[in-house]
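Visitor: Starting from the known structure of chain A, arrange chain B on it as the hints suggest.
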Amino acid sequence: MPIHDQGYRRYGGTRAPSGRAWSVIARAGIRTMLAKRAFVALLLFAWLPFLVRAVQIYAATNLPQAQFLAADARLFRDFLEQQGVFLFFITVYVGSGLIANDRRANALQIYLSKPMTRFEYIVGKFAVLAILLLFVTWVPAMLLLLVQIAFSGSFSFFVDNLFLFPAITLFSFVEVAAVSLMMLALSSLSRSSRYVGILYAVLMFFSGAIYRMLYAVTGDSRLAFVSLPSTLEQLGDAIFRLPLTMDLPVSGALLVIVLLMVGSSYVLRQRVRGVEVVT
Amino acid sequence: MDAQSSVAALDDVTVIYGRQAALNGVSVSFAQGAVGLLGPNGAGKSTMIKALLGFVVPSRGRMHVLGDDVATSSREIRARVGYMPESDAHIPGLNAVSFVAYCGELSGLPPADAMQRAHEVLFYVGLGEARYRNVETYSTGMKQRIKLAQALVHDPDLVLLDEPTNGMDPKGREEMLALIRDLARNKGVNVIVSSHLLPDIELTCDRIVVMDKGRVVTEGLIEGLKQPHGQLFELRVKAPLGREAFVAALGAQGFDCQQGDDDVMKVFVPAPHGARELFALAASHQVQVRHLRPSVATLEDVFAQAVGGD
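Protein chains in written order, with the numbering used here: chain A, 1 to 279; chain B, 280 to 589.
Note that these hints are calculated values from the structure, not bench results.
Residues from chain A shown here face chain B by an in silico Cβ test under 8 Å; the list is partial:
| no. | residue |
| --- | --- |
| 1 | R10 |
| 2 | I110 |
| 3 | V275 |
All figures in this text were calculated on a predicted structure; none of them were measured in a lab.
Backbone N, C-alpha and C fix where the C-beta goes; we use that ideal spot for every residue, glycine too.
Just chain A, same shape as in the assembly (with noise of 0.2 Å):
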């Protein structure tokens, strides 16, 4: 007889209420994310322009020679733009396997098949994407606010500009939300995540194409909304209130993002099933 019986038992522990499944996946997910070196590497990576950022602070609040670097709404409207690169590169090496690997793996039928909606399985692989892309956007743009605040050693910046706190959660929260459903809906298009990147990146590169081509050929900057990029741009000025370089109405702009939104759910409601049918 062995010592400890291995075999099967009844579990009569606690289970946790219903609808905690998107926590779990979102944690799982981003513990995998964090097990990468390539991944870490990428993130201390997007984390240098903040360390610039913060001597320029720091310069332009200590050194006197140094004021023309002083610390505005365009500082903080650049660094986000800035970290554009950083968010286009995390949301291809986070976002393209995301849903496309489980549906290599038939992991939907697995997950489907516990206690939980569909809503909630895309609520938690889009909580993956976008709590990583806030750590390279929202919350270093946060931090250059708090070390404002630090270096000059009084709040006077902070009160002649209190927009810009939501500001900056505003365009880093509508950036983030936007790219992260995109780069879902795409995923769920695909079981392979190398082809979900290559097409993210040809969308992202070739909308931008086509609006220069466009704006070459008419000079209407009103076409920047078929290119996201664009579009991000001209709401990213409105928001932290700096004029505009673009004609596109900012409700213009509003109203592709929202409708890359809807579309994008729309494509990960019809695409995130248990059952794939054909017929």
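Guide: Relative to the frame of chain A, chain B by itself:
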């Protein structure tokens, strides 16, 4: 059997894919214990399981699992049900113990309990030594076992097993069937096993539901279904004028005739008829009976009779 006493019940359920009815007005109840869902490929077995899980929504009818309505309490049902899919399925990038523990957490178990249960069920299904290996490196047989482990980790009251021995070698198949039998008979877990392999069902289940072309063609206790309401004969004949006319005449009399691989045919003669009528029919068709022996009905006979020998 009502919806309360059965573990699963379907009432006039129709599921349509495109123009094809995968389930066509199915009404059936699954009793407690181990029930085999038997049928040829395309009979609608997997569709029925997916409908019970809420993966596909029927265009007509109602379903209850463990007393709950599938249409309104799908999530509550899935908390008490384990599902082992037919196709190869796993969460990518995880080793076995992490995968099974993750499935436990998704089912609502606290992380520590989920991890402990993962170790236990992996030992139970025979993957204890391989539990730290990435699931993607597993053989087909091991993948079948881990699918069973993830279905059991949250201690379900009912497990739905879709072709559980697919791709397994004879030894692995035997072990898998022993596990299923143990679950149903000793662990108090209700099991519905979908398979097109009759021996698998006969080894593990007490009851069967036989499906064909989206309909339930027969159901009941295996032993009961094997008790013929008549006599089964093994018959070898010599028919100088051809045996087709004789077979047709058997059919016309209501005698069910199944042709075997060799020249032996199995003829079911319903009561109150017997061998005398068989001889008389042979004589009238100038057929010589070379061999006639009473036979014992097997599940194969029940199945063949139910699906019409297709």
